[in-house]
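Please put together the full structure from these sequences, using the hints given.
For what it's worth, the UniProt record's numbering labels the leading residue of the sequence shown as 1, then goes sequentially.
Honestly, I wouldn't trust all of these hints.
[Stated by the list, open to error] Mimicking BS3-like on lysine-lysine, the simulated pairs with C-alpha atoms at most 30 Å apart in a straight line are:
hint, residue 1, residue 2
1, LYS897, LYS769
2, LYS747, LYS302
3, LYS914, LYS958
4, LYS679, LYS648
5, LYS914, LYS953
6, LYS212, LYS177
7, LYS869, LYS746
8, LYS869, LYS897
9, LYS152, LYS982
10, LYS276, LYS725
11, LYS212, LYS276
12, LYS725, LYS690
13, LYS982, LYS747
[Said to hold, decoys possible] Pairwise CB distance ranges, derived in the manner of DEER restraints:
hint, residue 1, residue 2, range
14, VAL264, THR393, 46 to 52 Å
15, ALA356, PRO714, 47 to 53 Å
16, ASP319, GLY388, 18 to 24 Å
If you are wondering where the hints come from, they were derived from the structure by calculation, not from laboratory data. Given the structure is predicted, the values throughout are model-derived calculations rather than measurements. Cβ atoms here follow ideal geometry from the backbone N, Cα and C, with glycine treated the same way.
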Amino acid sequence: MAPPRVPWIYPSLPLLSSLLLVFHASPPSTALRNYPENEANSRDSRPIYPPVTNHCVTALCAGVVTLLDSMSALADLGWEAYPNEGWEEISVMDERNTPMRTYQVCSVMEANQNNWLRTRHISREGAQRVYIEIKFTLRDCNSLPGVSGTCKETFNMYYYESNNANLWFIKESQYVKIDTIAADESFTQVDVGDRVLKLNTEVRDISNLSKKGFYLAFQDLGACIALVSVRVFYKKCPLTVRNLAQFPDTITGGETALVEVHGVCVNASEEFEPPKMYCSADGGWLVPIGRCVCKPGFEENKDICQPCRPGTYKASATDAYCTKCPPHSSSPHEQAMECICEKGFYRAETDPRSMACTRPPSAPENPISSVNETCVTLEWSPPRDTGGRGDITYSLHCRKCSGEGKKCAPCGSSVHFVPRQFGLSSASVLITDLQPDSNYTFTIESQNGVSDLSPTLRGTVVINVTTSQTVSVVLKERRSKDSVTLAWQGPERPNGAIVEYEVIYYEKNQREQNYTVLKTRSNMMTVDGLKPGTTYVFRVRARTDGGYGTYGGEIELETSHEDVLAIGDPNQSTILVVSIAGGIVLLIFLVTCFVVSGRHCGYIKAKQDPDEEKMQFQHGRVKLPGSRTYIHPHTYEDPNQAVRDFAKEIDASNIRIERVIGAGEFGEVCSGRLRVQGKREIYVAIKSLKAGYSDKQRRDFLSEASIMGQFDHPNIIRLEGVVTKCKPVMIITEFMENGSLDTFLKKHDGQFTVIQLVGMLRGIASGMKYLSDMSYVHRDLAARNILVNSNLVCKVSDFGLSRVLEDDPEAAYTTRGGKIPIRWTAPEAIAYRKFTSASDVWSYGIVMWEVISYGERPYWEMSNQDVIKAIDEGYRLPAPMDCPVVLHQLMLDCWEKGRSDRPKFGQIVTILDKLIRNPASLRELANSSACREDPPTPEFSVSTVDDWLDTIKMGQYKENFSSAGYVSLDSILYISVSELAKMGVTLAGHQKKILSSVQSLQTQGTHVQV
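Printed below as a string of structure tokens:
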């Protein structure tokens, strides 16, 4: 015989409907919200915090897929109840007259109740973790007389995994218990009449499911209870597009596992760095890693790649946007990867696609020749039209002409050009080894990088040159003991009018060690002052307007021991006709050109060095081929040139200032929009130089733009350009929606997962690695100088204190005074004012501490002198609350006293990547290990709860504590997490901060004035 039942809480269907009406009219704290699974505690009593909505900071919110919802049933649920007299299914109508199915049981009169209710088979649809939300009412046993020994106020929830969807019987021992469910709000019969009933909502989860589905079961042991609603669901990370990569709907993993998802580049994009994200167990996407970029010919616009419009192009996938075609080129169609040159203009293979199309140069101008024997010097002026290029070179073509018909043929390899014949960079050349008494034609051609692409020859000039003849000498002599008189015949066809003759002589045995040069306009000369009885060698050449001719043959004459007769004495005079054949003359010329006349033919050679490979010097710094080296603006003699080299000038009319967002050292900082022709309008930050500035202030202000303009990295703030041609002078950078990192973290204290924080740190480290690789030291790395955009991407900014390193990676830059941020600066930089990338690593460790502590001030309220002394004595910041051991160890590595013992930024990036891929390594917390060194416990000197909340910067909760009855310090000493949650303190970070302070109060004792 079935045990008698106590009259149920709902004596009639209208009463149950009124209960539901109360439920639907209840305030948001008890009603079902968009994500009810986050409003109750899981079975391990960990709070599930409100999820991220479209207005949340991550912008990537979880999706929910419902597997079972009893509220939506249109007919009987048909769940299995055993024994039959236990759970009972009831149909009711809610306030909207919608049918609704519930189950109730109230067998409280007899002991040892064991009533089971089992759902149908629930397919898990591939989910490993599902959530069960139940809404129920439970009656207070005290309101039922005579049931004190048999009435219960809890019930149990179980599940059973199975591949079989048609099981009719399952043993009780085969079920796995989920939890024992108790009510936060019970009620009495009087409550029903007053219609103040409230539903209880509880959420539990099941992890690591592997079979096709499962059954849910509810066990009643003697409670008076009604199941109003049962909903089973799982979470997924919804389809999203980030950084031009699409990530599909992804079912979450187990309880703590992250699911790594590789993105697929959208339409016309390609991988720049393999895109991936991690889907968290709560159904939210974590910080993205890697990205896609639009292919050449396409630009990004709202997460898609659209083709470049006609008249624009994009040559490289790494370029952000399509740009306008350079001069003398056009792109008539969409999707242009480069612009086509106009007719007559060309682009060399090595020219960047952004360079204007150019054309070959015009001819060289004003050619001049200077003949020196068989050597010719040619000089000319550069072409008037360079074709728009600066890579002008010159080449020479030589032809030798002979005979009256001026038949010409190539000169051949016997003629030499100094320094070279082709590819000359200077407008002059020396040509040697020409034949005497010969006509030559030289064609000088100007060329540039596109001359070979032109079908027509341009830029040539022709100059004709005739080399000098040899003097045909008929020597007459009148010798005495100390003089010789010479006479000779000039060349038959001189190259112009003869200006003068040159005579050289020397003693025969001394050759050219001690020769003498004499000049005369006559074809006769007396040489005095000679030694008696000594043999001398004489040579003669002529000089015309075209230059010197070749020397005639040598003639040897010996002075007499006595005076000789006059000229014409047939016994004493000797007439010697010397005629030098062509081959002998040439041989003598080659010898004399290098030995005797070196100061004529060889003086130009002495000034010309052969080509050598040289390192490229750029403003005082050696730049190796292929390397990217930071160039400090101070190395420029003209700082304005540095701005022109590295920063783009922007027309002020394209800038629209919207509002002031801050103030800097030199003036206001505003946000606004930048409109650039051929591009879409973008949000920008605008730094302006205040009125009344000095020249030095202007240089210092623009120096930051010259620095930023050299960087191109996703974790370095991007310079859009500068305004220098009108007032006010402005620097335009990309706009970072979330502002500085320290302020952003304080505003969202406790709202991020550890993986998200590590993702932020990884971005900062990646940016610093880029700067370090460019031999660049920041000197002021701190969370206040890190900016955060809407996608939680962190970017290094503020380059006002930065300095350049020398090429030696271990070299340091010594400052000349100036303020140093003590709390963020390495000890060697404080003591010796020496800054390196290693000192930036020390500062990065402080930034890590700031991030994990959500913007806490390093070293708290210690003075700068106390900080310096503590660091020197070996003190290091302790781990922040809930800081993983591995992260605190990395901080300590960054704070090694020896610079060489600290990790490099490249190593830091690698370490953080490993932590993101293996989140299990972040579970062990430093503040739960024995090695943790806690910060000094503050001695409170407050006497009221309000003063205490102000001291720990939680004053926003004064009214919450007062309303909950916590009015004295003694009353808060044993407050719990659940009590904080009930009074409205729901943020995890705030809960932990309050409880940590309470523990400090407990340690100090209530006998002290707190």
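Broken hints, numbered, in rising order?
-> Checked against the structure, the hints that fail are numbers 3, 5, 10 and 15, while the rest are satisfied.
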